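Novice: Using the hints, position chain B against chain A.
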Amino acid sequence: MSALDSYGAEAQERVGFFTDTSVCIGCKACEVACKEWNLVPEDGLVWTGESYDNTSELGANSWRHVAFVEQTEPEVDALRWLMSSDVCKHCTHAACLDVCPTGALFRTEYSTVVVQEDVCNGCGYCVPACPFGVLDKRHLPRKDPPALPLLTKKEDGRVWKCTLCYDRLKGGHEPACAKACPTDSIQFGPLDELRERADKRLEKLQAENWNGARLYGRDPDDGVGGFGAFFLLLDEPEVYGLPPDPVVTTRDLPEMWRTAAIAAGAVVAGVVAAFVGGSR
Amino acid sequence: MPPDDAEAQDAIAGDHPFIMQADGRSWLFVPQGLEDGPLPTHYEPHESPFGNPLYSQRANPRRQQFKRPENPYNPVADEPGAELYPYVATTYRLTEHHTAGGMSRTVPYLSELQPAMFCEVSPELAAEAGLEHGGWATIYSSRSAIEARMLVTDRIPPLEIQGRKTHQIGLPYHWGTRGLTTGGAANDLSSIALDPNVHIQEVKAFSVGIKPGRRPRGEALPRFVEEIRERAR
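Those sequence lines, one after another, are chains A and B. Every letter in the first sequence is one number past the one before it in the working numbering, and letter 193, counting from 1, is 193. Every letter in the second sequence is one number past the one before it in the working numbering, and letter 8, counting from 1, is 8.
Simulated from the structure, these hints should not be mistaken for laboratory data. None of these values were measured; they are calculated from a predicted model. A virtual CB, placed ideally from N, CA and C, is assigned to each residue, including glycine. Incorrect hints may appear among the rest.
Examples of chain A residues lying across from chain B (beta carbon under 8 Å, computed) [what the hints assert, rightly or not]:
1. CYS27
2. LYS28
3. GLU31
4. VAL32
5. GLU36
6. GLU42
7. ASP43
8. GLY44
9. TRP47
10. GLY49
11. ASN54
12. THR55
13. GLU70
14. LEU79
15. VAL267
DEER-style ranges, computed between Cβ atoms [to be verified]:
16. B/GLY163 with A/PRO74: 20 to 30 Å
17. A/LYS143 with B/GLU128: 12 to 22 Å
18. B/GLY14 with A/GLU10: 35 to 45 Å
19. A/GLU193 with B/ILE12: 27 to 37 Å
20. B/ALA22 with A/LYS143: 41 to 51 Å
21. B/GLY37 with A/ALA78: 30 to 40 Å
22. A/ASP118 with B/ARG25: 49 to 59 Å
23. B/ARG25 with A/TRP210: 41 to 51 Å
24. B/ALA100 with A/TRP210: 30 to 40 Å
25. A/ALA78 with B/TYR55: 28 to 38 Å
26. B/GLY24 with A/VAL119: 43 to 53 Å
27. B/GLY14 with A/GLU193: 22 to 32 Å
28. A/TRP210 with B/HIS16: 24 to 34 Å
29. B/ALA100 with A/GLY133: 35 to 45 Å
Partner residues aside, some chain B positions facing chain A, computed with beta carbon under 8 Å [claimed, not checked]:
30. TYR109
31. LEU110
32. SER111
33. LEU113
34. HIS133
With the rest of the complex left out, here is chain A (with noise of 0.2 Å):
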């Protein structure tokens, strides 16, 4: 039984982003949605000097990041300048999911990846479990510190990301980064109508010879069974500082769990048979 048949009546189409990077005029207005709707806070003012970038990557207080790339082509004595903004891919197998102990990390009935605040306990187990490095805990002060003065620590520690809002899909509204995309860059809908969407588009820009340009992430079949959140780019994923083949990093559990018991049964007999023979 799947995550979404729990919900019952209450399950709904699975949604995801389309992230269309050849149209991403690097704004930022992304960004800046996400952290005014979901109250995120500023995380320090510093300069990086990597291009227009002074976000950096993903993390507990940045689940919007606008990348921007630099390319010379010297074939054409041309400069090209990437702008992509990555955000939580909402993978279909999540890892973060799989090792959660609490069950904070939860699959919403829109099938999307969500933390919930007042259950995770910063135990950090998500943290490298994610093959993005979208996971992340919070080392600001606690804005809502807990009842119990004895588990009061300065830092929040605990672990935030995208939630797709959640809230607003709840209120039947569409996140706050796509509702803020000035050139639709960043479109949500219903996954398969995405998946089509992106589809057409690549025809489009392949047909009008764009070289590089490819879906990332859109692949149901790929390491984390396609992602809820994918991408249009316009080079390899590594040029974006994306991993090119991600796999869930669950995947190899069951038969790490399977050989470690065929070795602990091996060591088990092993000390009978010492026994039993030691006895004769």
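Specialist: Structure of chain B alone, referenced to chain A:
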């Protein structure tokens, strides 16, 4: 495209040029009020390292100039000392801030996205002037000097003008002394020389010099600016 019978703002397509006139569009020709024009021509900017290749009148003769001690102009074209301000600076906006930053430098979500005054130069100019990516540079004109972090980028290439390689310096103009992030104000560098029609100062092209390191502080700042001005005389 809006339908033919659309009215008022509904008749303005999203890709039409900006809002300037009462009809929400810009006009190339106006019935009255022009001090200058309407036929296009080429003048060099008020402060330019070059003469006018079109005719002997270098810059717009109708431009408004303010000859006051606090608004000295850089020597231009072939004038002695023009070589002390050899680079062309241009100021511009970033999407994260609003005009000179007075309303956006107080907003955390905007300030963290562009948290420092920086200055964009080409790798060629960086090599020529000894500037380091991520380091500090002092940019100066005969009015003042400001400091900025260096962003070395191929996006600001040198231009070949009248057979001379000319370097550009890109300056966002959103910083000042107050707010969550503070930094050099590009408007301190530019001159007050206004166009005759709409009286906008010339901040898209003016001449400057650049050197590595932070700017002098306190009384040393006007002294530094004055010393270069003296050498130009």
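Novice: None of the hints should be skipped; say for each whether it holds.
Specialist: The hints, checked one at a time:
1. Among the interface hints, the one on A/CYS27 holds; its C-beta lies about 4 Å from the nearest C-beta in chain B, closer than the 8 Å criterion.
2. Here the hint on A/LYS28 is kept, as its CB sits about 5 Å from the closest CB of chain B, short of 8 Å.
3. With 8 Å as the threshold, the beta carbon of A/GLU31 comes within range of chain B, its nearest partner Cβ sitting at about 7 Å, so the hint holds.
4. With its C-beta approaching chain B no nearer than about 5 Å, A/VAL32 sits inside the 8 Å limit, and its interface hint holds.
5. Annotation: A/GLU36 was flagged as interfacial toward chain B, and the flag holds, the nearest CB pair being 7 Å apart, inside 8 Å.
6. A least Cβ separation of about 4 Å between A/GLU42 and chain B falls short of the 8 Å threshold, and the interface hint therefore holds.
7. Restraint check, A/ASP43 versus chain B: the minimum CB separation of about 7 Å is within 8 Å; hint holds.
8. At about 6 Å, the closest approach between the beta carbon of A/GLY44 and any beta carbon in chain B falls short of 8 Å, and the interface hint on this residue holds.
9. The interface hint given for A/TRP47 is met, as the beta carbon of that residue sits about 4 Å from the closest beta carbon of chain B, less than 8 Å.
10. Restraint check, A/GLY49 versus chain B: the minimum CB separation of about 4 Å is within 8 Å; hint holds.
11. Taking 8 Å as the C-beta cut-off, the interface hint given for A/ASN54 holds, the closest approach to chain B being about 6 Å.
12. The restraint placing A/THR55 at the interface with chain B holds, with a minimum CB-CB distance near 7 Å, inside the 8 Å limit.
13. The beta carbon of A/GLU70 comes within 6 Å of a beta carbon in chain B, closer than 8 Å, and the hint placing it at the interface holds.
14. Annotation: A/LEU79 was flagged as interfacial toward chain B, and the flag holds, the nearest CB pair being 5 Å apart, inside 8 Å.
15. With 8 Å as the threshold, the beta carbon of A/VAL267 stays out of range of chain B, its nearest partner Cβ sitting at about 55 Å, so the hint is violated.
16. The hinted range of 20 to 30 Å is satisfied by B/GLY163 and A/PRO74, whose Cβ atoms lie roughly 25 Å apart.
17. Taking the beta carbon of each, A/LYS143 and B/GLU128 are about 50 Å apart, not inside 12 to 22 Å as hinted.
18. Look at B/GLY14 against A/GLU10: about 39 Å separates their beta carbons, and that is inside 35 to 45 Å.
19. About 31 Å separates the C-beta atoms of A/GLU193 and B/ILE12, a value consistent with the hinted range of 27 to 37 Å.
20. Our hint of 41 to 51 Å for B/ALA22 and A/LYS143 holds, since their Cβ atoms are close to 48 Å apart.
21. About 35 Å separates the C-beta atoms of B/GLY37 and A/ALA78, a value consistent with the hinted range of 30 to 40 Å.
22. At roughly 53 Å, the beta-carbon separation of A/ASP118 and B/ARG25 lies within the given 49 to 59 Å, and the hint holds.
23. Between B/ARG25 and A/TRP210 the C-beta distance comes to about 32 Å, which lies outside the given range of 41 to 51 Å.
24. Between B/ALA100 and A/TRP210 the Cβ separation comes to about 38 Å, which falls inside the hinted range of 30 to 40 Å.
25. Take A/ALA78 and B/TYR55: their Cβ atoms lie about 34 Å apart, and the range 28 to 38 Å holds.
26. In this structure, B/GLY24 and A/VAL119 meet the distance hint of 43 to 53 Å, their C-beta atoms being roughly 52 Å apart.
27. Checked against the hint of 22 to 32 Å, the pair B/GLY14 and A/GLU193 passes, with Cβ atoms roughly 24 Å apart.
28. Take A/TRP210 and B/HIS16: their Cβ atoms lie about 27 Å apart, and the range 24 to 34 Å holds.
29. A C-beta distance of roughly 37 Å is found between B/ALA100 and A/GLY133, which places it inside the suggested range of 35 to 45 Å.
30. The beta carbon of B/TYR109 is positioned within 8 Å of a beta carbon in chain A (closest approach about 5 Å), and the interface hint is therefore held.
31. Look at B/LEU110: its Cβ gets to within about 7 Å of chain A, closer than 8 Å, so that hint holds up.
32. For the restraint placing B/SER111 at the interface with chain A, the shortest Cβ-Cβ distance is roughly 6 Å, inside the 8 Å limit, so the hint holds.
33. Against a cut-off of 8 Å between C-beta atoms, the interface hint on B/LEU113 holds, since the closest Cβ of chain A lies about 5 Å away.
34. Using the Cβ-Cβ criterion of 8 Å, the hint placing B/HIS133 at the interface with chain A is satisfied: the shortest such distance is roughly 6 Å.
Checked against the numbered hints given earlier, this structure breaks hints 15, 17 and 23; the rest are met.
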